[in-house]
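J.: Residues per chain, in single letters:
Protein chains: 2
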Amino acid sequence: MVSAPLSVIDARSGDKERLRLWIRMLRTTRIVEGELRERLKRGFDTTLPRFDVMSALHREREGMLMSDLSRFLLVSNGNVTGIVDRLVADGYVARAKRDGDKRTSVVRLTPAGVEAFEKMAAAHERWIAELLGGVDTAEVHHLSEMLHAFRSNWEGEH
Amino acid sequence: MVSAPLSVIDARSGDKERLRLWIRMLRTTRIVEGELRERLKRGFDTTLPRFDVMSALHREREGMLMSDLSRFLLVSNGNVTGIVDRLVADGYVARAKRDGDKRTSVVRLTPAGVEAFEKMAAAHERWIAELLGGVDTAEVHHLSEMLHAFRSNWEGEH
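Chain order of the listed sequences is U and A. The working numbering applies: residue -8 is where the first sequence begins, and numbers increase by one. The working numbering applies: residue -8 is where the second sequence begins, and numbers increase by one.
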């Protein structure tokens, strides 16, 4: 049996490490998401997708197109439509025309939506601080920078 | 206005960093998951939850209880049941009695299931190597260890 050149072995062990990293990222994310889901339900009788939609609209206070909202949340337009419909019915979101454009309709948070979201966001931030409390602050910063660099890299390439 | 003591400011900025880290983890995970979902569909006409079930059973070749499978995958028993039913119909999974225990039924991969999974797993590993290729090998190892420590910590506490 001929042994593989070192560079091939290195690449292969790097690939295994990347797979391990991915599995760990996925599991960590799912565990934290599961916990957030439960707490949002218990504390605010709401769901994670609903929180995500309100969070995106809170960031873009002028309103967002439905298509931009879907793209930002990485889910299908259909899913977002149902969530937005319920938020409109609850008085947390309003549909409006964008200034100077009569055809294009945007959705945005109402003042009641802003108020409701900010209460949830404060709790959400405390929960994350608690759930990610095991990672020390320097490591948090380092991890965060790495993920940022990784994403910029990846989104630039594809 | 009285300024907050330094330790409080530190804790608060650490909390903001943890929130930023969480948002980045979630986004990175969703982007990679979305890409894997598409490639599994295109290359193998299969879904991510189906791949996850086969992956868990591939690791536990003696078979798993449905309840252990659900717990491992962090999804509800109901979801897993539907996926397993289809895998059984496709000949990739079999239900069997555990040795020496006539009441408890376990599910496990059939030889055809092992073969089908190993083909998908090889492609999956290449995809991850590509998608996470932007993170260099030393960083991959570091990130992976951090997530492992974080999870052990967290799962121990809760």
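Worth flagging that the hints you see were computed from the coordinates, not collected in a lab. Hints are supplied without guarantee of correctness; some may be wrong.
[Stated by the list, open to error] In silico EDC-like cross-links for lysine to aspartate or glutamate, where the CA-CA straight-line distance does not exceed 20 Å:
#1 U:Lys7 to A:Asp36
#2 U:Lys88 to U:Asp76
#3 U:Lys7 to A:Asp6
#4 A:Lys7 to U:Glu24
[As the list claims (entries may be wrong)] Some, not all, of what chain A presents toward chain U, calculated at C-beta under 7 Å:
#5 Arg9
#6 Leu10
#7 Arg28
Every residue gets a Cβ at the ideal spot worked out from N, C-alpha and C, and that includes glycine.
J.: Next, verify each hint and record whether it holds.
T.: Structure-based check of all given hints:
With a C-alpha separation of about 25 Å, the suggested pair U:Lys7 and A:Asp36 falls outside the 20 Å cut-off, and the hint is violated. Restraint check for U:Lys88 and U:Asp76: satisfied, since their Cα atoms lie roughly 16 Å apart, inside the 20 Å limit. With a C-alpha separation of about 32 Å, the suggested pair U:Lys7 and A:Asp6 falls outside the 20 Å cut-off, and the hint is violated. Proximity of A:Lys7 to U:Glu24 is assessed by CA-CA distance (about 18 Å); at most 20 Å being required, the pair is judged to hold.
Nearest Cβ of chain U to the Cβ of A:Arg9: about 4 Å, under the 7 Å cut. The hint holds. Proximity of A:Leu10 to chain U holds as hinted, the smallest CB-CB distance being about 5 Å (cut-off 7 Å). At its closest, the beta carbon of A:Arg28 sits 11 Å from a beta carbon of chain U; the interface hint therefore is violated under the 7 Å criterion.
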